[in-house]
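*Asks:* Residue strings, one per chain:
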Amino acid sequence: MIRIHNTQTDKVIDREMTDAEFAEHEATQAKFAAAKAEAEAKAQAKAELLERLGITADEAKLLLA
Amino acid sequence: MATTTNYGWTTPDDTALVKDGASAIRTLGSSVDTTTKNLNPETTLGDISFRSSSANVKTRLGIGSTGNVLTVAAGVPSWAAPAGGGMTLLSTTTLTGASTTISGISQDYINLQLVITGVTASANFVTLIKINNQTTLSSYGTVESNAGTVTTNNSNNGMIEIGGASAGLSSDADNVACYLFYNYTSSTNYKVFTGTYGITKSAGGNLSGMSGGAFRSNTAMTSFVLAPSSGTFSTGTALLYGVK
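Protein chains in written order, with my numbering: chain A, 36 to 100; chain B, 7 to 250.
Please keep in mind that the hints were generated in silico from the structure rather than gathered at the bench. In this text the structure is predicted, and so the values were computed from the model without any measurement. Keep in mind that the hints are not guaranteed to be accurate.
[Unchecked claim] Covered by chain A, per the in silico footprint, the following chain B stretches (three or more residues, Cβ under 8 Å):
id : segment
1  : 98 to 109
2  : 230 to 239
[What the hints assert, rightly or not] Calculated from the model, a selection of chain B residues having no Cβ within reach of chain A, i.e. all distances over 12 Å:
id : residue
3  : Thr-123
4  : Leu-143
5  : Ser-193
6  : Ser-223
Positions of the beta carbon are idealized from the N, C-alpha and C atoms, including for glycine.
Here chain A stands alone, though its shape is the one from the complex (with noise of 0.2 Å):
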């Protein structure tokens, strides 16, 4: 379900997606899923190579400075 609310009359419609409209939604929500998996993937790298390291996060930055 979808929501318009149109400021000129302020009527408010509530109504199902399109069919277009449902692709998009479904294609905006993968593309934010896919980069939310990467950064938590990215995150999950990093930690894993501070702990082989042996080193925080602030030593890298030092090393790295």
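Model the placement of chain B on the given structure of chain A, informed by the hints.
*Replies:* Leaving out everything else, chain B in the frame of chain A:
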């Protein structure tokens, strides 16, 4: 024939014949009907009326647009957008469903301010803002403080994300975001925006951030589509202000 004092309606003389009574009543009734309509020209909810240049005849003034104020032009009342200064609340919208669209945005202001509060969803999410339902034309950078750690991000996703990857859980309702869109009616230039937001995270730590970017389009902004990046909206309110 005798006439009434104020509206000049024709009434029978004292010497008129009884047999002419029906005709006299019909004439009087017709006059009353005409005068009443002239004094009440409104036809639609919200209409008002004012005196015209003719005695006993009023002019209808249809209801103005949301946010309009009553003013005077060429010696008669009319509706118009506020001439300058201040903010006008254009709409209050409850967020629900897979997306909520705020459409038909008045083009009578200089800037727009969008305030979004108390947003929760059926899954962990960030709130997305699509200008004119475009998914490719917004880009921006953010500076965020997340539980004391400051990060910078840039996004070319085409939509505005409130809170990015650091946003709270689906039920973290203590959140607010305020975005100002400049020169939103321009059909010749890109539009820029600035925003601030804050989220109290139930999992610990608080998030606050600043965002600035551009809607890379020469089309005037006429609508916002708000959508959660995952799930559907459970709660939330969007207030839209026109700024002079």
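*Asks:* Now tell me, hint by hint, if it's right for this structure.
*Replies:* For each hint, the structure was consulted:
1. 98 to 109: holds (count 11)
2. 230 to 239: holds (count 4)
3. Thr-123: 16 Å, holds
4. Leu-143: 14 Å, holds
5. Ser-193: 19 Å, holds
6. Ser-223: 18 Å, holds
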